[in-house]
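K.L.:
Each chain, letter by letter, is given below.
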Amino acid sequence: MAPGLKDIIESLIFVSLDPISLDKIKETLSDHPPAEVEQALQDLLQTTASAERGITIIQSGGGYVFTTRSEFDPWVRRFLKIDRKSKLSSASLETLSIVAYHQPITLSEISALRNVDSSYTIKTLLEKKLIKITGRKKSPGNPLIYRTTERFLAYFGLNSLDELPTEEEIARILGEDRTVEQAPKP
Amino acid sequence: MNDVPLRETETSVSYQVRLEVFEGPLDLLLFLIRKKKIDIHNIPIAVITKEYLDYLGREEQINLDREAEFVLMAALLIHIKSQLLLPREQPLAEGEDPRRFLVDQLVEFQKIKAACSILKEREEEQLSLWTREVLPPLPEPEEADLVEVSLFDLAETFFVLMKRKEAENFRVVRGKNFSVEEKMKEIIAALEKESVLDFLEYFNRQETLEEAVVSFFSLLELIKARLVMAVQERLFHTIKVWLRRESKARQ
Numbered sequence: 001m002a003p004g005l006k007d008i009i010e011s012l013i014f015v016s017l018d019p020i021s022l023d024k025i026k027e028t029l030s031d032h033p034p035a036e037v038e039q040a041l042q043d044l045l046q047t048t049a050s051a052e053r054g055i056t057i058i059q060s061g062g063g064y065v066f067t068t069r070s071e072f073d074p075w076v077r078r079f080l081k082i083d084r085k086s087k088l089s090s091a092s093l094e095t096l097s098i099v100a101y102h103q104p105i106t107l108s109e110i111s112a113l114r115n116v117d118s119s120y121t122i123k124t125l126l127e128k129k130l131i132k133i134t135g136r137k138k139s140p141g142n143p144l145i146y147r148t149t150e151r152f153l154a155y156f157g158l159n160s161l162d163e164l165p166t167e168e169e170i171a172r173i174l175g176e177d178r179t180v181e182q183a184p185k186p
Numbered sequence: 001m002n003d004v005p006l007r008e009t010e011t012s013v014s015y016q017v018r019l020e021v022f023e024g025p026l027d028l029l030l031f032l033i034r035k036k037k038i039d040i041h042n043i044p045i046a047v048i049t050k051e052y053l054d055y056l057g058r059e060e061q062i063n064l065d066r067e068a069e070f071v072l073m074a075a076l077l078i079h080i081k082s083q084l085l086l087p088r089e090q091p092l093a094e095g096e097d098p099r100r101f102l103v104d105q106l107v108e109f110q111k112i113k114a115a116c117s118i119l120k121e122r123e124e125e126q127l128s129l130w131t132r133e134v135l136p137p138l139p140e141p142e143e144a145d146l147v148e149v150s151l152f153d154l155a156e157t158f159f160v161l162m163k164r165k166e167a168e169n170f171r172v173v174r175g176k177n178f179s180v181e182e183k184m185k186e187i188i189a190a191l192e193k194e195s196v197l198d199f200l201e202y203f204n205r206q207e208t209l210e211e212a213v214v215s216f217f218s219l220l221e222l223i224k225a226r227l228v229m230a231v232q233e234r235l236f237h238t239i240k241v242w243l244r245r246e247s248k249a250r251q
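If you're matching them up, the sequences are chains A and B in order. So for the first sequence, the numbering used here puts the first residue at 1; every next one is plus one. So for the second sequence, the numbering used here puts the first residue at 1; every next one is plus one.
It cannot be assumed that every hint is accurate.
No more than 25 Å apart at the CA atoms, straight line, and that leaves these computed lysine-lysine pairs for DSS-like [claimed, not checked]: (1) K81(A) with K81(B); (2) K120(B) with K35(B); (3) K193(B) with K128(A); (4) K185(B) with K224(B); (5) K87(A) with K185(B); (6) K111(B) with K87(A); (7) K123(A) with K240(B); (8) K137(A) with K85(A); (9) K81(B) with K120(B); (10) K132(A) with K120(B); (11) K81(A) with K35(B); (12) K123(A) with K111(B); (13) K123(A) with K120(B); (14) K85(A) with K120(B).
Not everything, but these chain A residues come out facing chain B in the computed CB check (under 7 Å) [to be verified]: (15) S97; (16) F156; (17) P165; (18) L174.
Hints listed in this document are in silico derivations from the structure and should not be mistaken for laboratory results. Since this is a predicted model, take the numbers as computed values, not measurements. Even glycine gets a Cβ: it sits at the ideal position worked out from N, Cα and C.
Isolated chain B, as found in the complex (with noise of 0.2 Å):
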């Protein structure tokens, strides 16, 4: 496994795919089925097994975050195989198969990629149409029940808030940093989207207090840097949040 070449050179003719191409173990099996022309109800173990572990092989070091669900899966083959391979007190009844349990899987999953084809097609279609439901009712400034609010109301809002998100019995610890930077990314890259964003919505969404308190103060900076514009229907409404036009199209 190791000989194989951590980087391809220009002239090499053979290909070499990277583990990131592939979304989880079960694709990697397909793409190893129909590369070795398996017949999916019958697969050679061993062969597959070898195969999939050379995948594995050439990444340069597991990723344990990423790789864990491939590393099970070659965890399942080798079992499999062994439970092949070992012989039995009593002979395995009509149908029974160590394999099932995987073919069911794969033929489950193959079908599924199949229906990701034709969505992926229909998407395709879908996003070249465009409703009139894209285009966002922007806020005029003059609109006289339209309230811009002031920082008070904002931090009025914000109490309420914390009060509310204090109240939730937290079960979920945590050692995630949040920092105003990418909570203002966030924010803004949100708004690019949806064009505006009910605060009060995306506040709740916050699944800590302390990622909420970020998002308050990201909130904060985006409008004092003039790159937001926060509106209130009215006093103790939900704030909704557009991007200031001026700042979109200097972009």
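Next comes chain A alone, as it looks inside the complex (with noise of 0.2 Å):
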């Protein structure tokens, strides 16, 4: 392996904002043999996540970015003067949830999932570009179509959709749900 691949990856990851593809990484070093430019990453990947440094590379949003490890969030926000970070409503999720799992999805079909009128909601997860308006059905009225966004993944952490909880998992949650109500009354 070249000497100092490594740690060219490395500065490349530092200089990008947004998480930086593997595909993108080797577009830049085409003057080495791919492998390599894979090998050393995986190489950077282990250094990093076993060194004892307040900060770490993880995979997010298909691509390599740098992160601030999770143990040392209270300092950040203290520094950032961030009380705490908002999180998405119940409401929000849950739509945000029917659209990655039913996209593309119109709105009355999140609505009627729902059984609650989703509009206001679809507004809030747009203006947060975590959905986005893909086009438009081809049904009565000629609805909006809406899908997730390359944003949606960064902000759960996810490499792309497949890696949304699975069946397996959620039918796990459900039957762990199932035991609890079987628990024998006190």
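With the hints as a guide, bring both chains together as one complex.
P.N.:
Next comes the structure, spelled out in structure tokens:
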């Protein structure tokens, strides 16, 4: 392996504000064999993961990015004077996961699944750029259709939609609920 | 239903859940199904309808805006019950059940809820990680290529935007009033979250002409109060708005 390849990749990740994809790294280092670049990246990830440093590299939104380690969150927030980051409301989260699992989807389909008018929530999610309009459905009224965005993936630390909670994970959660229900009465 | 006390005394052991905690009628239904330990695929409609109506009845008054959906679900439940009771000319075909539609909805909703709880954990985890993108590239006032805009530049941009807005064909008729004060708060809130606001984009997001005009006035007010700084990279270019750092520090 070419010496320093690992360090070059580290510097690329450092200067990139958005997560930098493996393809992008390979493209930049086109004078090196792709396999070597991949190997160097893996080495880099391993070194940063084991190093006792304040920052680390995570894979998120389809690329690699520097983040602080979660245990330093309190100090970062103190420094930035942010009490806590605002989380999504449960209505937003509900709507968002419906879009994620059923995309492409229209507003009326979302509202039907939730049994709640979701136009306001959709507006909020659009503003937060967690979902986007991707066209109109060829059905009466030509309603707008929505999809989740790259930002949605990054927000939840996912690399692709395939990483959404799977049927099995969901079934497990539902199963846990059931065991709670079946717990003997006091 | 009416004998339920409106306000629980502190000594009262029985608990009361208010409707507000539920996102919607399905949420409430699922809660009741769990509470009653009912099999979701074989719901005793009479029992669940009674429980459900009890909950609605606890509300001191029906707020149509919010509770219309809850009332609609009550109607659906009663409809299903009536279908189950009414004699039929032809017996139901195998597998056909008036409850089917509701059950399908509940099962799907339950899955969504479970997915939500997983995503919520992920959100929590992600929110404790900080990447550099949350540190905004704070504008250095010394930077030569940034011009703090004058009122006239703003006005000019404003008129360009108004022309564009006017050209749009509005179909929405709304009776909502927008106050400058509220808009100012909205802009500040947006700035606190995003740190920098593309005013042109923000302006375009406004749904009506009226809202757009109000948002522009709000921006002027904020500049006047020296709470924000408006900067244009080039003339006739979009206007970027930042919170003034001094004002941030003061908070």
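K.L.:
All hints, please: hold or fail.
P.N.:
Hint check:
no. : hint                 : result
1   : K81(A) with K81(B)   : violated (56 Å)
2   : K120(B) with K35(B)  : holds (23 Å)
3   : K193(B) with K128(A) : holds (10 Å)
4   : K185(B) with K224(B) : holds (15 Å)
5   : K87(A) with K185(B)  : holds (19 Å)
6   : K111(B) with K87(A)  : holds (21 Å)
7   : K123(A) with K240(B) : holds (23 Å)
8   : K137(A) with K85(A)  : violated (36 Å)
9   : K81(B) with K120(B)  : violated (36 Å)
10  : K132(A) with K120(B) : holds (21 Å)
11  : K81(A) with K35(B)   : violated (42 Å)
12  : K123(A) with K111(B) : holds (24 Å)
13  : K123(A) with K120(B) : holds (20 Å)
14  : K85(A) with K120(B)  : holds (13 Å)
15  : S97                  : holds (5 Å)
16  : F156                 : holds (5 Å)
17  : P165                 : holds (4 Å)
18  : L174                 : holds (5 Å)
Going through the hint list in order, the structure does not satisfy hints 1, 8, 9 and 11.
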